[in-house]
Amino acid sequence: MILKESKKLAIVILLIISFLSYSIVLYLQPSQKTDFTSPNADHGKMVWQKFNCNACHQIYSLGGYLGPDLTNIYALRGPDYIKALVGAGTATMPAFQLTPKEMDDLISYLQHIDASGKADPRRFKINKNGSIY
Amino acid sequence: MEASINTKLKTTDYFIITALLLLLIGMVYGIIGSIQYVYPGFVKNALSFEKIRPLHVSAVLFWILLAAMGSVLTYLHVYSNQVNKTSILLKIILVDFILTIVSILISYLFGQFGGREYWEFNPLFALPILLGWILFIIHFFKTIPSLKNQPVFVWMWLTGLLFFLFTFLESYLWLFPYFRNNIINEMTIQWKSYGSMVGAWNMLVYGCSLFLMGKMSGDKNYGYSRIAFILYFTGLTNLMFNWGHHIYTLPTHPYIQHISYLVSMTELFIFGKIIFDWKKTYLSAKQLIHHASYPFILAADFWIFLSLILAIAMSVPAINLYTHGTHITVAHAMGTTIGINSFLLIAFAIDIFTLDQITPIQKNKYFKYGFWITNISLLLFWISLIGAGIRKSIWQMSIHPMPFSSMMLSLKPFFIVFALAGFSLLIGFICIILPLLKHRLKTNTND
Chain A
1 MILKESKKLA IVILLIISFL SYSIVLYLQP SQKTDFTSPN ADHGKMVWQK
51 FNCNACHQIY SLGGYLGPDL TNIYALRGPD YIKALVGAGT ATMPAFQLTP
101 KEMDDLISYL QHIDASGKAD PRRFKINKNG SIY
Chain B
1 MEASINTKLK TTDYFIITAL LLLLIGMVYG IIGSIQYVYP GFVKNALSFE
51 KIRPLHVSAV LFWILLAAMG SVLTYLHVYS NQVNKTSILL KIILVDFILT
101 IVSILISYLF GQFGGREYWE FNPLFALPIL LGWILFIIHF FKTIPSLKNQ
151 PVFVWMWLTG LLFFLFTFLE SYLWLFPYFR NNIINEMTIQ WKSYGSMVGA
201 WNMLVYGCSL FLMGKMSGDK NYGYSRIAFI LYFTGLTNLM FNWGHHIYTL
251 PTHPYIQHIS YLVSMTELFI FGKIIFDWKK TYLSAKQLIH HASYPFILAA
301 DFWIFLSLIL AIAMSVPAIN LYTHGTHITV AHAMGTTIGI NSFLLIAFAI
351 DIFTLDQITP IQKNKYFKYG FWITNISLLL FWISLIGAGI RKSIWQMSIH
401 PMPFSSMMLS LKPFFIVFAL AGFSLLIGFI CIILPLLKHR LKTNTND
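If you read the sequences in order, they're chains A and B.
1 is the number of the first residue of the first sequence in my numbering; add one for each residue after it.
1 is the number of the first residue of the second sequence in my numbering; add one for each residue after it.
Read the hints as simulated data drawn from the structure, not as lab findings.
Please note that the accuracy of each hint is not assured.
Claimed, not checked - As a list, the in silico DSS-like pairs of lysine-lysine whose alpha-carbon atoms are at most 25 Å apart:
1) B:K220 / A:K4
2) B:K91 / B:K8
3) A:K4 / B:K10
4) B:K220 / A:K8
5) A:K8 / B:K215
6) B:K273 / B:K10
7) B:K273 / A:K7
8) B:K8 / B:K142
9) A:K7 / B:K220
10) A:K83 / B:K273
11) B:K442 / B:K363
12) B:K273 / A:K4
13) B:K44 / A:K4
14) B:K220 / B:K85
15) B:K85 / A:K8
16) B:K273 / A:K8
17) B:K148 / A:K8
18) A:K83 / A:K128
19) B:K220 / B:K280
20) A:K50 / B:K8
21) B:K215 / B:K273
22) B:K148 / A:K7
None of the values given here were measured: they were computed from a predicted structure.
With the hints as extra help, turn the sequences into a complete structure.
Next comes the structure, spelled out in structure tokens:
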């Protein structure tokens with residue numbers, strides 16, 4: 001038993017149209033109004049990427065697992081603690097030589113992420129159908 | 001027997017040879033990284049983890065990509081009766097990728113990063129990769145001008161080619177301030193592109209697997225059958241819509257969770273099919289076991305089974321809540337990239353380099369040991385990651401968790417097993433790859 005060529009093509013076209021529509025909706029409709037309010041946070045994101053912080057740390061549990069999740073580090077420890085740790089390093093983490101501007105921008109970025117939500121998985125509740133909210 | 005083997009190394013062979021070397025290089029970096037988990041600070045000044053991780057990830061990702069490209073190109077030429085096809089275009093693609101990959105690895109050593117997951121290199125390197133991929137697509141269309149009456153593996157290859165292009169471009173949308181400015185949306189799109197990208201290279205690999213199985217069994221009809229296409233459409237739907245399980249805990253649109261959860265459950269159909277066909281797989285194993293490639297295909301089947309159980313479980317948001325951000329996610333990634341992708345790609349390399357004749361390669365004792373060492377090591381590696389993941393999951397859900405550093409210290413026994421298993425996995429792959437390369441280069445010289 002084989003599928004007709006026209007059926008195969010119709011299924012693929014339908015799937016592609018659905019996929020593209022879904023993509024466009026996601027591009028055009030951000031889930032929350034959390035745009036960067038200052039260029040500092042945007043520069044801070046570039047600092048985060050420049051030093052490849054993601055290799056060891058996570059944001060919303062996405063990233064490397066050698067270091068802790070830093071989504072809410074700003075609220076938990078504050079800017080001075082972050083500055084001290086980044087500058088001095090730890091047994092595992094090298095001491096990063098950031099300029100004062102880069103350090104301020106990084107703090108601004110972490111502050112912005114902290115304001116976007118909580119990464120703690122304990123805050124979720126489970127529905128009977130297996131979904132979470 | 002050996003006289004009938006194609007002796008001259010082709011451009012497509014060089015894709016696979018380069019890929020095999022990248023696998024070994026990537027594994028060496030992986031082992032250094034695993035030692036850093038056991039002994040924090042190990043070679044920190046020369047190769048700290050933010051350098052080691054991209055070196056490992058990029059080398060093994062390019063192993064998968066280049067080996068998949070080499071296999072698709074070889075089988076595409078066999079399928080279209082253009083076995084000796086070579087062109088300046090293929091040589092350009094090969095040189096383009098080799099130069100780009102070497103430059104990327106060197107850039108990491110100098111601390112130059114783009115800082116993204118998967119593609120941790122400077123975004124400028126995306127341009128030659130993009131160029132090489134577009135040329136690859138052009139070559140595909142020059143070889144197969146029409147999709148009419150084509151078997152399912154041709155559809156899968158084309159799907160993989162086009163979706164990799166789309167998702168690769170999508171993964172760079174962050175370069176535009178419009179996308180970058182909203183951190184939650186930016187992460188949503190980032191993981192949308194990555195989730196589908198994995199599906200795209202899986203299409204290339206699974207397409208080759210179907211081609212090879214058809215070739216070995218002599219059953220040319222399966223590739224045109226209704227069930228083959230139904231499985232393909234199920235895979236395609238998952239490629240497009242099931243990526244949301246990466247971001248269930250991200251405060252993004254709730255419907256992403258619902259769509260992904262619903263679509264992921266269609267994988268139960270694939271899972272059921274594997275169980276239903278178990279006896280048939282066993283019988284074909286008995287018939288095809290003399291092929292040097294077949295044990296690796298069978299091993300990949302075993303890993304598909306294990307990985308699918310884990311994937312389906314992790315797609316249930318209530319379970320994902322416990323596994324997300326833990327080493328269980330890494331176990332799943334390792335099971336699929338090593339157990340499925342790498343074992344299948346090794347099977348293709350064996351088939352392509354020996355033309356699946358019974359050759360000395362199968363009698364080579366190191367090669368035989370290699371098969372068992374890799375499989376047993378991977379199982380230990382996988383179990384240790386699951387163990388570490390369960391431990392971390394308990395920690396992150398506890399009411400009064402201990403400090404992060406204490407939790408990491410409590411995972412040390414798992415990390416020791418993980419590092420040792422990683423080392424023996426490398427030994428296993430060396431036992432397979434070196435005899436294979438030696439055999440291929442020897443047949444080339446004899447020409």
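Against the structure, the hints:
With a C-alpha separation of about 18 Å, the suggested pairing of K220 of chain B with K4 of chain A holds against the 25 Å cut-off. The suggested pairing of K91 of chain B with K8 of chain B holds, with an alpha-carbon distance near 15 Å, which does not exceed 25 Å. A C-alpha spacing of about 37 Å is found between K4 of chain A and K10 of chain B, which places the hinted pair above 25 Å, so the restraint is violated. A threshold of 25 Å between alpha carbons decides the hint, and for K220 of chain B with K8 of chain A the separation of about 19 Å falls inside it, so the pair holds.
Proposed proximity of K8 of chain A and K215 of chain B is supported: the alpha carbons are some 24 Å apart, at most 25 Å. Between K273 of chain B and K10 of chain B the alpha-carbon distance is near 38 Å, which puts this suggested pair outside the 25 Å criterion. As the CA atoms of K273 of chain B and K7 of chain A are separated by approximately 22 Å, the hinted pair is consistent with the 25 Å bound. Among the hinted pairs, K8 of chain B with K142 of chain B is consistent with the structure: their alpha-carbon atoms are about 23 Å apart, no more than 25 Å.
Annotation: proposed proximity of K7 of chain A to K220 of chain B holds, straight-line Cα distance about 21 Å (limit 25 Å). A C-alpha spacing of about 54 Å is found between K83 of chain A and K273 of chain B, which places the hinted pair above 25 Å, so the restraint is violated. Distance hint between K442 of chain B and K363 of chain B is fulfilled; the C-alpha atoms sit about 16 Å from each other, no more than 25 Å. Between the alpha carbons of K273 of chain B and K4 of chain A the distance comes to roughly 22 Å, so the proposed pair stays at or under 25 Å and holds.
At roughly 60 Å between alpha-carbon atoms, K44 of chain B and K4 of chain A are farther apart than 25 Å, so this suggested pair is violated. The hinted pair formed by K220 of chain B and K85 of chain B meets the criterion: a straight-line CA distance of about 23 Å does not exceed 25 Å. Between K85 of chain B and K8 of chain A the alpha-carbon distance is near 30 Å, which puts this suggested pair outside the 25 Å criterion. Note on K273 of chain B and K8 of chain A: the hinted pairing holds, with a Cα-Cα distance of about 21 Å set against a maximum of 25 Å.
Taking the CA atoms of K148 of chain B and K8 of chain A, the gap is near 10 Å; set against the 25 Å cutoff, the hint holds. Annotation: proposed proximity of K83 of chain A to K128 of chain A is violated, straight-line Cα distance about 44 Å (limit 25 Å). Taken as a hint, the K220 of chain B and K280 of chain B pair is honoured in the structure, with Cα atoms around 17 Å apart against an allowance of 25 Å. The hinted pair formed by K50 of chain A and K8 of chain B fails the criterion: a straight-line CA distance of about 45 Å is larger than 25 Å.
A hinted pair counts as satisfied when its Cα atoms are at most 25 Å apart, and K215 of chain B with K273 of chain B qualifies at roughly 22 Å. At roughly 12 Å between alpha-carbon atoms, K148 of chain B and K7 of chain A fall within 25 Å of each other, so this suggested pair holds.
Of the numbered hints stated above, those contradicted by the structure are hints 3, 6, 10, 13, 15, 18 and 20, listed in ascending order.
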